[in-house]
Amino acid sequence: MADEPGPEVTEAPPAPDPDHETMLAALRAGLGDDAVLEHADAFGDLVVRVAPAAWRDAATVAQRDLSCDYLSFIAGIDWEPAAREGDEAGGDTSAPVQPTERSYGAAGSAGRFQVFAHVESTSRPRGLTLKTDVDEDAPSVASWVSVYPGADWHERECWEMFGIAFDGHPSLRHLYLPSEFEGHPLRKDFPLLARVVKPWPGLVDVEAMPGDDAPAEPAATAEEPS
Amino acid sequence: MSTTGESPVPSLTVERSSMRHLADAQVGVELDTGDMILNLGPQHPATHGTLRIVVRLDGERVVSADPVIGYMHRGYEKLTEFRTYPQVTTLINRIDWLSSFANEVPFMTAAEQLMAIEAPPRAVYIRTVLTELSRIATFLLFLGEMGLQVGALTPAFYGFRDREYVLNLIEAATGGRFHPNFNRIGGLKDDLPWGWIAECRSTMKVVLDACDDFEDLVLGNEIFEARTQGIGIIPASVGAGYGVSGSNLRASGVDWDLRRDRPYLAYPEVDFQVWTHPDGDSYSRYWVRLQETREAARIVLQCLDQIPSGPIMAKVPRIIKVPEGEVWVETENPLGQMGYYVISKGATGPFRVKIRSASFSNVSTLPWLLRGVYVPDVITILASLYFILGDIDR
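Residue numbers (my numbering), protein chains in the order written: chain R, 865 to 1090; chain P, 38 to 431.
Rather than coming from a laboratory, the hints here were simulated on the basis of the structure. Take the hints with a grain of salt, since some may be wrong.
[What the hints assert, rightly or not] Straight-line distance between alpha carbons at most 25 Å, and here's what the computed DSS-like set of lysine-lysine pairs gives:
| hint | chain 1 | residue 1 | chain 2 | residue 2 |
| --- | --- | --- | --- | --- |
| 1 | P | Lys352 | P | Lys115 |
| 2 | P | Lys352 | P | Lys226 |
| 3 | R | Lys1052 | P | Lys358 |
| 4 | P | Lys226 | P | Lys358 |
| 5 | P | Lys115 | R | Lys1052 |
Please read all numbers here as calculations on a predicted model, not as lab measurements.
I would like the entire structure built from these sequences, with the hints used as guidance.
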């Protein structure tokens, strides 16, 4: 808007956080320069992408050298764009329309699947998000259970939700879902079954308000439910 | 029958040493009968819902315990991908249903950070007050209910009674006792009603008195101490590795509180103490939560004194599209660390939301923690960990 003050015009790019530099240096020293692929600052949180082969060592370095003794979570990401209305894969008219081309978030990705984890220190204000790429055809990555015992359940959840196996995990079995469940629900090509059984009536038409300069997107409105 | 001659009854004297061996053998056989499998739950009252724990017993002692979760799994991480940002609030209200308001705050903060919107100061203060009220409501229930698990009925009635005062306050401000759905991106739905602040001040006095009651009633009690002291000890390093957080970790002596160490909302502007206890047992978890209830009441009173006037909503576009990016927001919720890792692709809804809930990690210690304890202690340990099933199953 033209009448709003624009502080971002004069704002200089923020200086790199000194603690982020320390953490990156320690990761490079512990894993080797080649294993630390990319890094980014996501709203003050350091995101580092490491090579898949260095995934378990990254946990060891984080725990030993960075004093990140606390495991917050381990989870997966599927960067595949979500199926939409009209797609052959079946779509959902109620879901917010996401971009159709694939793009990757902070610190990038080599392919469709990624595993990411957040570790923190309980002795100093410090946290770190680690990411690694997972091969789409044979999704598998090293387990963290030997470093952080709490990784057990997180990896079981990630395995059943994304189909990503964790090498060295003591017992990869279903956590939330029944043991006979087939498929990996958090993958983007897994439909939301409730919406397949009974289609959502469609988005509500948003009427343009007198103050609006442009009418609300007509493209976003779905067909009238018959 | 002849009564003469040798008695037909054989002599009962046997060598004592052989008897003893026989007895020893008998004991050995009984111990070797194999372990017993006991199903705790899924409907056990100590589990606050449907948590099933398959316990393998050797006599009264637990050999191994395997929690079976998922009876309440609702798939919120999937559902968030089919909702717009304002609609997600309805879902995340139901993660930890005892402190729903506190669940909303980190998600709204995440969306606000991505959109570069800041909630006005008054909204920030009201959020702080309501978050602490949720904490008080959650902990008052715990303080009473923990007594119930060791056989003391009275504290439970006090706990439920006093929590009701706090829930009335939350209802008066938001319209909902359990699921306020009160946060908006950029602020709050409404301002506080007339007279609410005075009402809240007097209720905080009730809460502080209630804490004194619980201290007198429960903490000094011989039975309570016998059932909880030295039981269910979580060492600090193990707790951190498992991702145990909140009061459970502070009861193990870890001085870590996100309200102080990762300041958010209005916490930098109020004065409060972070309580820790060195023991790490069930007793210390109760003790820490009792102190934190008092501390929460103090925070509320300070916030009410300092609350600024002004608007409660920032300027927000009517159709909310969140720019591309990803952000991790964590807060200190009543049950522990709650966090959302939100990945946005510039649409009206999130692309992926990882929900990090406290109880999930707290309960994942159970296979380690329950090994070697006695069956009755399982119940007190479960109660002292204090989890909500919705927070485990999501």
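So, going through the hints one by one against the coordinates:
1. P:Lys352 <-> P:Lys115: violated (30 Å)
2. P:Lys352 <-> P:Lys226: holds (13 Å)
3. R:Lys1052 <-> P:Lys358: OK: Lys1052 of chain R and Lys358 of chain P at ~21 Å, within 25 Å.
4. P:Lys226 <-> P:Lys358: Distance ~19 Å between Lys226 of chain P and Lys358 of chain P Cα, so the pair holds.
5. P:Lys115 <-> R:Lys1052: holds (9 Å)
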